[in-house]
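Enquirer: Using the sequences provided together with the hints, build the complete structure.
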Amino acid sequence: MYLSEQNRKGWRLLGVPFLFAIFLLAVPIVTMTALSFWTQDYLTLIKTITFENYKQAWFQPVFQTLFARSLIISLTVTFFTILFAFPIAYYISFYGGKRKALWLFLITIPFWTSYLLRMFLWKVILGYNGVLNSFFDWLGVITEPLTFLLYNTNAVILALVHGWAPFAILPIFVSLEKIDRSLLEASNDLGDNSFNQFFRIILPLSMPGVIGAVLIIFIPCIGDYITPKLVGGPEGLMIANMIQVQFSKANNAPLAAALSVTSLLIVGIIAMAFVFFNRKYLRNY
Amino acid sequence: MIKKNSINNEKIVDLISIVKSFDHVKAVNNVSLGINEGEFFSLLGPSGCGKTTLLRVIAGFEKPENGNVFINGTNVNSVAPNNRPTNMVFQNYAIFPHLNVSENVGYGLRNTNLSKDQILKKIDGALKLVGLKGYNKRASSALSGGQRQRVALARALILKPRVLLLDEPLSALDKNLREQMQFELRQLQKSVGITFILVTHDQTEALTMSDRVGVMFNGKVDQVATPEQIYNKPETKMVAAFIGSMNFFETKCLEKSSKTVTVFHKDLGNVKLLKNNIFGVESTKLTIGIRPENLKIISDNLKIQSKSFTAKIVEKSFMGDTMLYSIKLNQSENNNTYNISISDIKNSPNPNIGDKISVTFEEADVVAYYEE
Amino acid sequence: MKKSNKIFKSIVISFLIFLYAPALLLPIFSFNNSKVIAFPLSGFSTIWFEELLYENTLHNALFNSLVIAISSTILATILGTLVARASTRYIFYGKKISITFILVPLILPEIILGVCLLTVLIQLGLDLNLWSVVLGHTLLITPFSTLIMVSAFNNLDISLEEASLDLGMSSLQTFWIIILPMVSPGLISSLLIGFVISLDEFIIAFFLTGVEPTLPVYIWSQFRFPAKLPSTMALGTVLLIVSLILVSLFEYFRRRMELYNNYGVELDQK
Chain A
1 MYLSEQNRKG
11 WRLLGVPFLF
21 AIFLLAVPIV
31 TMTALSFWTQ
41 DYLTLIKTIT
51 FENYKQAWFQ
61 PVFQTLFARS
71 LIISLTVTFF
81 TILFAFPIAY
91 YISFYGGKRK
101 ALWLFLITIP
111 FWTSYLLRMF
121 LWKVILGYNG
131 VLNSFFDWLG
141 VITEPLTFLL
151 YNTNAVILAL
161 VHGWAPFAIL
171 PIFVSLEKID
181 RSLLEASNDL
191 GDNSFNQFFR
201 IILPLSMPGV
211 IGAVLIIFIP
221 CIGDYITPKL
231 VGGPEGLMIA
241 NMIQVQFSKA
251 NNAPLAAALS
261 VTSLLIVGII
271 AMAFVFFNRK
281 YLRNY
Chain B
1 MIKKNSINNE
11 KIVDLISIVK
21 SFDHVKAVNN
31 VSLGINEGEF
41 FSLLGPSGCG
51 KTTLLRVIAG
61 FEKPENGNVF
71 INGTNVNSVA
81 PNNRPTNMVF
91 QNYAIFPHLN
101 VSENVGYGLR
111 NTNLSKDQIL
121 KKIDGALKLV
131 GLKGYNKRAS
141 SALSGGQRQR
151 VALARALILK
161 PRVLLLDEPL
171 SALDKNLREQ
181 MQFELRQLQK
191 SVGITFILVT
201 HDQTEALTMS
211 DRVGVMFNGK
221 VDQVATPEQI
231 YNKPETKMVA
241 AFIGSMNFFE
251 TKCLEKSSKT
261 VTVFHKDLGN
271 VKLLKNNIFG
281 VESTKLTIGI
291 RPENLKIISD
301 NLKIQSKSFT
311 AKIVEKSFMG
321 DTMLYSIKLN
331 QSENNNTYNI
341 SISDIKNSPN
351 PNIGDKISVT
361 FEEADVVAYY
371 EE
Chain C
1 MKKSNKIFKS
11 IVISFLIFLY
21 APALLLPIFS
31 FNNSKVIAFP
41 LSGFSTIWFE
51 ELLYENTLHN
61 ALFNSLVIAI
71 SSTILATILG
81 TLVARASTRY
91 IFYGKKISIT
101 FILVPLILPE
111 IILGVCLLTV
121 LIQLGLDLNL
131 WSVVLGHTLL
141 ITPFSTLIMV
151 SAFNNLDISL
161 EEASLDLGMS
171 SLQTFWIIIL
181 PMVSPGLISS
191 LLIGFVISLD
201 EFIIAFFLTG
211 VEPTLPVYIW
221 SQFRFPAKLP
231 STMALGTVLL
241 IVSLILVSLF
251 EYFRRRMELY
261 NNYGVELDQK
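Chains as they are written, first to last, in our numbering: chain A, 1 to 285; chain B, 1 to 372; chain C, 1 to 270.
Mixed in with the good hints, there may be bad ones.
With a straight-line cut-off of 25 Å between C-alpha atoms, the simulated PhoX-like cross-links for lysine-lysine are [to be verified]: (1) A:K100 to C:K228; (2) A:K98 to C:K6; (3) B:K296 to B:K275; (4) B:K63 to C:K95; (5) A:K100 to C:K35; (6) A:K9 to B:K26; (7) A:K123 to C:K35; (8) A:K9 to C:K96; (9) C:K228 to A:K229; (10) B:K220 to B:K259; (11) A:K9 to C:K9; (12) B:K328 to B:K266; (13) A:K98 to C:K9; (14) A:K9 to B:K63.
Some chain C residues close to chain B (C-beta under 10 Å, calculated; not the full set) [as the list claims (entries may be wrong)]: (15) G43; (16) D157; (17) L165; (18) T174; (19) I178; (20) P181.
Rather than coming from a laboratory, the hints here were simulated on the basis of the structure. All C-beta atoms in this analysis are idealised placements derived from N, C-alpha and C, irrespective of residue type, glycine included.
Expert: Below is the structure:
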């Protein structure tokens, strides 16, 4: 009686959003997966099941390179972002005093300005005639513009770290805020110096936030299209760019679908690994 | 609005065989209970005993899966909370934070046909009743805990409910304010004449304020009686242990007569119990209970009046108005300690820890429970 | 302690400079009187802003973006509110898995969302237009709305609703007088955030927009023309100011929501 009424009322509310998600999320994912097993001959689809697309996606060197590069770039970006974000979150949480909210606000502001423009600005900054080169030239430090700044993997990493750092700070900050300050006093009281205390108390207890940040950054980065296209050059292109090319110019939607499904699998596996790791970590407390 | 029915005129609330469970645990297990018109009734019990659920069943927030709720003689099982002649004071008061004091107090009057002037007048009256005259425009966030409670009271009383339900209304207040509010609530109830049903886990609160108290354990009502009866003649062992403190001794039945039962205990010897003081299903084993203040220490020069036994003092603590002794019995093998509470400290002997003493009690003060 | 504090503070401040520096270039170069984006600056000018006034394609793109942002934000907020209410108020079969499913777009790369939606629309033989973008953006924003509304409903003490019913109000009256005003900061936050996300979203719009560009798609097309750079910078400045205003509003309403929350905390302590 009690449960069935709750059931009825709950589903009455959830029904529409759930159907919306079924039609706009589940159906498209299933369609895309189906498409990935078909082939396309110029503009006509051949609907016989084949693994040809996956054979290409997984074993052709060009795709392997792109997958590997996307993975390496997003892992590197994730690593550096967290390396930068942790001290910031730590400072705000422990030394922010009454101005914590203001600090957080200041840090998130740039995030809410157009992602497209922020990434583009890096092209303006790092370019041959760009801000940095013209600035150095004006200073007289260089005679020739530096060319290694733009159109490579490093430029992509730099722009992405800059773009995603604010997103990493928030979850880490939240988990640091949750640490009961009396635990720190207890660890001091029991003989820890601040170095020990950081590694024995603060870091383990802030782990959920760190893992949250990893997921928040890693997933969008691996599928990023804008940044590699703008600042990556041919050597900095990532898998999303290839998906787009296959879908439009190359007219090979099934291959694009196979590449998308593969990316989805990679993201899913890595995300689940992190979530599992997080659970295991949390079980200790 | 509510049809009068002459089945139970003196009972304003009548609960019959109420069952309510959450996740297959019976929070209220077959409770039948009648509450009289105009009384101050308390539901007392430890947390999780089902008292709040029972209150919410009366208010209509929980639908019982079995049983009937009658209010003023009408079955209200299918009546929604907003159509029941009951109003509630919530544990956290549930003051609407975006409305000011007047808007909160006058909230329930929005659906009536009263004119604006009449409503304002009623609000003033209700605020005066709870001692918040002139607080009309105060923001609800600017109220102290005690003031919130008064607003919650005014908000409920302004609708002139037949029954006012109070869910642990004093638990959020500090001790001094709580004691003051206990007194005020009692006065208020007497002056408005509305039936109050109070849920509390605080026995002092229940005993000092109520006309009658219902003591609940594990979803069942163990005893419904006046505070004196609850204290002096607790009908189950759990009630005896929960209300005040009680020394329990395990005894064996020796003989029964028409008015008394005689039991034996190694230290206490033969104790003659009044049948009126014995509860439970008859058997050969009884647990007898004596309150610490009913045990007296006898000085040597005093003549032994009735029953007595010897014991050793193991702990002694001064509580201000009383002196509390922990004693161990001589004969019993177990390590149980028992309490003696002496309120007339000046005129009583003052033994020290380790001293052997004689202890006496009146057999009429002893309550007893049959064991299964 | 004091010394480490200072070192920390300088790290944080240099980090803030790193965060802000690129964005600061927008106003600097949009007021610069030169077609080239380079130092040294040549002089003050508002010509690039004036140019924006005569760009018809820009105006169309802006209009498209506004239509999309407003529609998808309202739709997503309604959906998110329904999910949040169900999630915070009722226990029912399949609750956890269905809500998790609705939140999935949060962890899907946008390119995959775009490809999926495009595939299905093509298979169904539907035309690509603004409404396909609206659906895509609604899907993307709903999880954000849900999370914001869940915290709004969590701040709403259930006993307030019960008190209202107990005082004789119907469920509908309770919704209008108690629930809606109390979750309104959450609703406004959700609308603001959704608006900003939709206005800024590129990939899904890029895939689904057909022949009518949105603002980001327009900006993307401008990147190819060096001559258009300064006016694009000017456009960026305008967008920066608009999002600053929207985000400040968001922050204001988020604090309002916390205020209700703190009200509860204070009560607990007393």
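Enquirer: So, for every hint listed, does it hold in this structure?
Expert: Hints versus structure:
A distance of roughly 40 Å separates the Cα atoms of A:K100 and C:K228; the hinted pair therefore is violated under the 25 Å criterion. Between A:K98 and C:K6, the direct Cα distance comes to roughly 17 Å. Compliance with the 25 Å bound is thereby established for this hinted pair. Between B:K296 and B:K275, the direct Cα distance comes to roughly 23 Å. Compliance with the 25 Å bound is thereby established for this hinted pair. For a cut-off of 25 Å, the pair hint linking B:K63 to C:K95 stands: about 23 Å separates their Cα positions.
The suggested pairing of A:K100 with C:K35 is violated, with an alpha-carbon distance near 41 Å, which exceeds 25 Å. A distance of roughly 23 Å separates the Cα atoms of A:K9 and B:K26; the hinted pair therefore holds under the 25 Å criterion. As the CA atoms of A:K123 and C:K35 are separated by approximately 16 Å, the hinted pair is consistent with the 25 Å bound. Taken as a hint, the A:K9 and C:K96 pair is honoured in the structure, with Cα atoms around 15 Å apart against an allowance of 25 Å.
In summary, the hint linking C:K228 to A:K229 is supported, as the alpha carbons are separated by about 19 Å, within the 25 Å threshold. At roughly 30 Å between alpha-carbon atoms, B:K220 and B:K259 are farther apart than 25 Å, so this suggested pair is violated. For the suggested pair A:K9 and C:K9, the alpha carbons sit about 52 Å apart, so the restraint of at most 25 Å is broken. Between B:K328 and B:K266 the alpha-carbon distance is near 13 Å, which keeps this suggested pair within the 25 Å criterion.
For the hint linking A:K98 to C:K9, the alpha-carbon distance of about 15 Å falls within 25 Å, and the restraint holds. Proposed proximity of A:K9 and B:K63 is supported: the alpha carbons are some 15 Å apart, at most 25 Å. Taking 10 Å as the C-beta cut-off, the interface hint given for C:G43 is violated, the closest approach to chain B being about 53 Å. A cut of 10 Å between beta carbons decides the hint on C:D157: the least distance to chain B is about 6 Å, and the hint holds.
Taking 10 Å as the C-beta cut-off, the interface hint given for C:L165 holds, the closest approach to chain B being about 5 Å. Among the interface hints, the one on C:T174 holds; its C-beta lies about 8 Å from the nearest C-beta in chain B, closer than the 10 Å criterion. Hint on C:I178 holds. Least Cβ distance to chain B is approximately 6 Å, under the 10 Å limit. About 5 Å separates the beta-carbon of C:P181 from the nearest beta-carbon of chain B, less than 10 Å, and the hint is met.
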